[in-house]
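*Asks:* Read off the chains here:
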Amino acid sequence: MFKYFEPNKIFSITSKAPKYVLILFVIVLTIGLVESLVLSPEDYKQSHSVRIMYVHVPAAWITLGIFSSITLLSVIGYIFKIKNFFLISKSLAPSGFIFCIIALVTGSIWGKPTWGTWWAWDARITSMLILALFYGIYLLAWRIYHDKDQVFKVTSIITIIGIINVPIIKYSVDWWNTLHQPASINILSKSSIHSSMLFPLAIMTAAFALFSLLIFLMKYNTELIKIKNKGLDRL
Amino acid sequence: MYGKKVKLRFLFVSLILITLILSIFLILKSLEENVVYFQSPTKIKETSEIQRKKMRIGGMVKENSISINSNEIVFVITDFKNEINVTYSGIVPNLFEEGKGVVAEGYLKDRNFFIASKILAKHDENYMPPEVKAALGKE
Chain D
1 MFKYFEPNKI FSITSKAPKY VLILFVIVLT IGLVESLVLS PEDYKQSHSV RIMYVHVPAA
61 WITLGIFSSI TLLSVIGYIF KIKNFFLISK SLAPSGFIFC IIALVTGSIW GKPTWGTWWA
121 WDARITSMLI LALFYGIYLL AWRIYHDKDQ VFKVTSIITI IGIINVPIIK YSVDWWNTLH
181 QPASINILSK SSIHSSMLFP LAIMTAAFAL FSLLIFLMKY NTELIKIKNK GLDRL
Chain R
1 MYGKKVKLRF LFVSLILITL ILSIFLILKS LEENVVYFQS PTKIKETSEI QRKKMRIGGM
61 VKENSISINS NEIVFVITDF KNEINVTYSG IVPNLFEEGK GVVAEGYLKD RNFFIASKIL
121 AKHDENYMPP EVKAALGKE
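Chains D and R, in that order, give the protein sequences.
Each residue of the first sequence is one higher than the last, beginning at 1 in the working numbering.
Each residue of the second sequence is one higher than the last, beginning at 1 in the working numbering.
Keep in mind that the hints were calculated from the coordinates and are not lab data.
Bear in mind the structure is a predicted one, so any value in this text is a computation, not a measurement.
No residue lacks a Cβ here, since even glycine has one placed at the ideal position from N, Cα and C.
Hints may be right or wrong, so weigh each one.
To be verified - Simulated DEER-style distance windows between Cβ atoms:
(1) D:Arg143 with R:Lys109: 31 to 39 Å
(2) R:Ile21 with D:Ser189: 25 to 33 Å
(3) D:Ile10 with R:Lys43: 52 to 60 Å
(4) D:Ile23 with R:Lys29: 20 to 28 Å
(5) D:Lys190 with R:Lys109: 15 to 23 Å
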């Protein structure tokens, strides 16, 4: 079904869309930054360091979402031999990797004034570091292997092994004693973050998602150009 | 519908996934002692022998238990079932206060006394502006 996608058709979208996504991203990011850095209240306990959360939490959400999507696409792509899904996965990975690093670094900056340490080897933080390593391995695999069939197999295996880590990250704070606090936002129960702080969090999440989309479109566009240059008429 | 190859690949991926989930689950289950970042005071009470190695104890700082002497700070970590006395000399994090979460790193002297070399404050999952906290406190 997806095998006979016409690159020219997708290309006309991916070459024009980044412009509009960029404009939208800048607008949403501006609103998000004003909301989170100026308009939102300080926390009763952490005072202004709560503002780090508006970067940390969306970055962590996006990186987990992207890794899950990469895995799903790679596995389906592997089973049904859909090359296009691998190219989408490849183009998604860099922004996921960057957001993983951002989540780790901002968490560290937040940890120093709050916990009193930059780093702790607790289950949540360590499993998040493992996710960053999996992103690294995944991206390296694309650089190392050039044979198409080989790279598709290797990256699928990496994502299948890596996906086991995702539920561990999510539930590490519930399963074990960790220094990291449990989740504040739950679909089923009331959130333990005050509503005045939820709004900037949502806007920042939207801004980061748009940034991922922008990077994805640019990367995917490059992949399509490569295919075009090779003179192939379909993916 | 789908070819035989597709079915085989699906089986292949499913088996890898199931095997991995089971083995990771077993590994984590058997490593539970080391995966936890800190022990609770109840856990310390239950252990038969005191180990002379570095460890972490976590819980709540008991209300009205902090006393600061000339060069050390003494307080009680509680998990509302059991308690442990902690002595520490050094700088405490800003968020270290009575009734809040804490993790102490150091050595056990005996089952009731712990000598900490490092204190970490644990933050809970509640975020709210000071006005809301004040309003909640009045109720």
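*Asks:* Looking at the structure, which of the earlier hints fail to hold?
*Replies:* Of the numbered hints, 1, 4 and 5 do not hold.
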